[in-house]
Structures are given as C-alpha cells and as structure tokens.
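Heads up: the sequence shown runs through residues 360 to 400, numbered per the working numbering.
One or more hints might be untrue.
To be verified - Calculated cross-link-like contacts (lysine to any residue; reagent style SDA-like; alpha-carbon spacing at most 20 Å):
#1 390 to 380
#2 390 to 375
#3 390 to 374
#4 390 to 377
#5 390 to 376
I should point out that these hints are in silico values taken from the structure, not numbers from a laboratory.
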Amino acid sequence: MHTTGNAGGSHNLRMFDNNSHTGNNLNEMFKLMGNGLLLQN
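Generate coordinates for the entire structure from the input sequences, incorporating the hints supplied.
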C-alpha cells in the first residue's frame with residue numbers, strides 16, 4: 360500500500376464540498392452524501 364503521508368493521523372487535512380450550500384447542517388450533509396461514515400472524537 361502507498362503511504363498517505365498521514366502516519367500520525369488525519370491532522371491538517373482539509374476537505375471541500377461543491378454540493379453543499381450555506382445553511383446546510385449535518386443532517387443535510389448526510390442526505391447529500393448518500394452513504395459514508397462519520398467519526399467523531
């Protein structure tokens with residue numbers, strides 16, 4: 360497997376979404392995703 364460069368964890372990762380709009384909340388994000396996994400610390 361190729362390294363992801365995040366051996367110490369997912370620090371300093373920035374993710375962007377072109378499908379969401381101002382005012383969306385967590386529930387709206389899940390609807391737009393369709394499926395996925397939410398990890399909270």
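So, going through the hints one by one against the coordinates:
no., hint, result
1, 390 to 380, "13 Å, holds"
2, 390 to 375, "16 Å, holds"
3, 390 to 374, "17 Å, holds"
4, 390 to 377, "14 Å, holds"
5, 390 to 376, "13 Å, holds"
Hint violations for this structure: none, all hints satisfied.
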